[in-house]
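Heads up: the sequence lines are chains A and B, in that order. Residue 185 is where the first sequence starts when you use my numbering, and the numbers rise one by one after that. Residue 185 is where the second sequence starts when you use my numbering, and the numbers rise one by one after that.
Please note that the accuracy of each hint is not assured.
Which copy is meant is left open, so a pair is good if it fits within one copy or across any two.
Taking lysine-lysine and the DSS-like style, the derived pairs with C-alpha atoms no more than 30 angstroms apart in a straight line are [said to hold, decoys possible]: (1) K305 / K544; (2) K688 / K206; (3) K414 / K363; (4) K363 / K712; (5) K619 / K470; (6) K436 / K283; (7) K514 / K544; (8) K674 / K305; (9) K518 / K544.
In case anyone wonders, no lab produced these hints; they're calculated from the structure.
2 protein chains.
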Amino acid sequence: MLRIGLGQFNATVGDLDGNIEKMSKIWTQAVEADVDLLVFPELAVCGYPPEDLLQKRHFLVDNRLAVEKLAAACPEKTIVVGFAEGAQDGTYNAAAILKKGKINKVYRKSLLPNFSVFDEKRYFDVGTEPVVINVRDIRIAITICFDLWNMSWLKGLLREVGRLDMILNISASPFHVGKLTTRHGLISQCASEFSCAVSYCNLVGGQDELVFDGRSMIADSAGRIVAQAKGFYEDLLIADVERANDGAVRVKPICECAPQSVSKLEEIHQALLLGTRDYVRKNGFKKTLVGISGGIDSAVTAAVAAEALGAENVLCITMPTRFNRPETVKDAKKVAENLGTEFLTIPIEPILSHFHEALKAVAGWDDKGIAYENLQARIRGTILMSLSNQFGALVLTTGNKSEISVGYSTLYGDTAGGFAVLKDVLKTAVFELAKYINKIAGRQIIPDDVMKRAPSAELRAGQKDTDALPDYELLDKIIQGYVEQDKSAKELIDSGLAREVVHKVIRMVDRNEYKRRQSPPGVRITPKGFGKDRRLPITNRYIPDSI
Amino acid sequence: MLRIGLGQFNATVGDLDGNIEKMSKIWTQAVEADVDLLVFPELAVCGYPPEDLLQKRHFLVDNRLAVEKLAAACPEKTIVVGFAEGAQDGTYNAAAILKKGKINKVYRKSLLPNFSVFDEKRYFDVGTEPVVINVRDIRIAITICFDLWNMSWLKGLLREVGRLDMILNISASPFHVGKLTTRHGLISQCASEFSCAVSYCNLVGGQDELVFDGRSMIADSAGRIVAQAKGFYEDLLIADVERANDGAVRVKPICECAPQSVSKLEEIHQALLLGTRDYVRKNGFKKTLVGISGGIDSAVTAAVAAEALGAENVLCITMPTRFNRPETVKDAKKVAENLGTEFLTIPIEPILSHFHEALKAVAGWDDKGIAYENLQARIRGTILMSLSNQFGALVLTTGNKSEISVGYSTLYGDTAGGFAVLKDVLKTAVFELAKYINKIAGRQIIPDDVMKRAPSAELRAGQKDTDALPDYELLDKIIQGYVEQDKSAKELIDSGLAREVVHKVIRMVDRNEYKRRQSPPGVRITPKGFGKDRRLPITNRYIPDSI
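Bound conformation, chain A alone (with noise of 0.2 angstroms):
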């Protein structure tokens, strides 16, 4: 019987001793719950994806110093650990099998992904090797994360190697809505199809826009996911696994085990959670800004920052100008107030006088357009940049991926800050958080009127979403379909989507681009987020089925 540890754990992108250290420290709970396999990660010893640091030779060397250094802290048990290995004849992502306190084996990862947010190609030579290791008996195939996600392709590089107890897969994948199911199904696909355990140990953690959502799993040999850790926080989980003398590989977990799924909003709330406090305290930061409106993105945007950080960590700003109602100013501060974080008016009217001044001496320069309602979101960005120069406190934006898409924002106003908490979710899920998040509080954080309200900038008098934008409805749809999933205006229009409104909102997305290239980082929580996984130019005149 093998005791099998699993240590889903948060890394920090290259900080390698940091990493090691919290290595360690799991080792040590694991030693003392009898582990005899203890598993990490990929790339957990650089932490995941690493980019192109990569590319410097120096950072390879420390890859493997700082494996050999794990190996050498905790010689008592087997540890699988992933880790960048610069080798002679390549640069691989790698697991190392450290026993007695050396570095006893090394598995390359043969299948690299290079699509979506993955670059390997870029980075990694291709593994052909195989890797079995046996610890108490039980026959343990190496493998990393994509690796399990060709089912033809991992019979054929496991042809060779005998019978098999368990197939164990390290990863680092990122999350997106529904991801998880996905993820059952194939490790329950693979675990029949070998007649064996499979056990999962994924990544823990926000790394600029991904976030891994832990979620570990084991699964006997008849496909059944008996064991399931934390989602979106650490956690170790054990179990023992045994072949039986019917050939069945059994499992049983000996710690609690997570539940299996969540709902939708649940998943992305903690998605959001994880994704925000991350950025903002592994780049080093502890308070936080949002400039608050009283509407409901800026409203969503303060309470995931309280969730995440603290209350104490989050000051709302609200900037008026004349075109600011009384009553969204007043929803700005009850916001807060229901969040307990400290609340700031500062009101622009007098910067935004004087701008115009300076700017009446060009010719031409007016008060009525788009350029005046641009200049109020750039005072406010200004002043929230200014604080966050003067304090050292992070500016999270609020806008969501619907305006994100459209370009329905200020380049350098509203768009300003470090961290963009909202830029993967649509407007009409900002909607439905918003409810989540009053009914998990059990109280109206975000007060019935913001979420009624219709949505407006309120940068001219009057103003509402609406005047230039179609229902939030209609234009997440046709972003979804645009944007997630790349259809044609021409298979959009015929799943019943009008021609026009189609036309427009496409036209509106490809437009764009500059202003999505100069945005900050977010939570990415779809399939095709606004980051490393939508790659297009800036200089763009295609235009799809001539518009």
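Use these hints to put chain B onto chain A, whose structure you have.
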């Protein structure tokens, strides 16, 4: 005897109809010149690089339709043209051979670059079949760009095709300083290895950060570069190719050939002109704005803009505070006068003081530190963007690579704008460029004072760049080593650079990734710019050599 024409033209990404139209016009010229075989660059139909447009199925369909349209419009001669092929079995970076109004054959690129600025493995499948065509008894193997850069691989691909008279290579090879020499060597070597002529047809034009410099060329079978097209401009290079009785393949240019090499400064200058012109025009702008301070960076930026776009399309604006010395304000005006651009002065002191008034309401705010300095830059950025919005003019930013490397800039301040002309030009090179601009103008466009004055941001009294940074000579050496060559601190120190300065600069470079991520694109002129060729995580705790 074969008469070949290399149609080095300026494609626009996504503009399928426009590109086809341009190629049809070149075809008319080629017909007049009795060309038998007309060649267009890699992905000429859709522009290079189309990036994630390639993920859209309808884009691939439209690519094929465009090639068919070109074939039908130009039936008389053989044409080789690059396009993105969406086939049943994958997506290919392909060359269509057009004959008698139809697609006759297709060659699929087989060596896909996936490093530096290239992501071809993200998009394309690997071609495996050589394609040889016969035009006027000249046997020609078709290759695409990187296919030519690995001679032993190319020999393998062409092992069984029999005698060749010519290897044709269609390319989209981005410029960097010195790249022409590499290409000369490569093409010459290829011709000698295969004892045949090599025709190399390269793209020209700017696309976001990349500049394609053209300089298409033809080598004879002795490896001599016999003909070369213009650098940085469209050109139709025509030559006669013949296999002589002694087996040698002779090439005779029948047009005036461009000089084969130019100075480093001329290259940089031409690249900046083309990159800036194409970014501005291909994105639909005519007018540009430059915030001009009286310093050298903004002077050079304005000079490049005036030459690239016409002085009438550049508006220089100076926005002084009490910290700007009268002589620098005077120099700003002088530069605009010398260039013949419009010039505006908008004093920002009143706006600055009203911001200060508003911010004083926050306990702890003061006008002594970096926040107050950045505030001035952000007011300027806001004024430029307000005028940009009002008049539809693109703001050109003025930061150089040295500043951008160490984050010596204000996010949403002097980094606010659409295009960063000097993004990849180190400060020491900016000085050289200024002298070069004066030299070719034959007069002092950039005043001597501007070149001699110690660089200063003038954001506080008596400020100098050297208060915060090492001398630019030293700084630029460290940046070249650390940023462009990925050297470690240890390697830099071992090469004789001062330990403390190296450590300080590296720390600054690493900490300012977030600023670069939100900065505008700019012309790439080195082998490693701050664009797609340097992809570092923002969240990154790696400290090389335990600084």
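Q: Could you tell me which of the numbered hints above are not met by this structure, giving the numbers in increasing order?
A: 1
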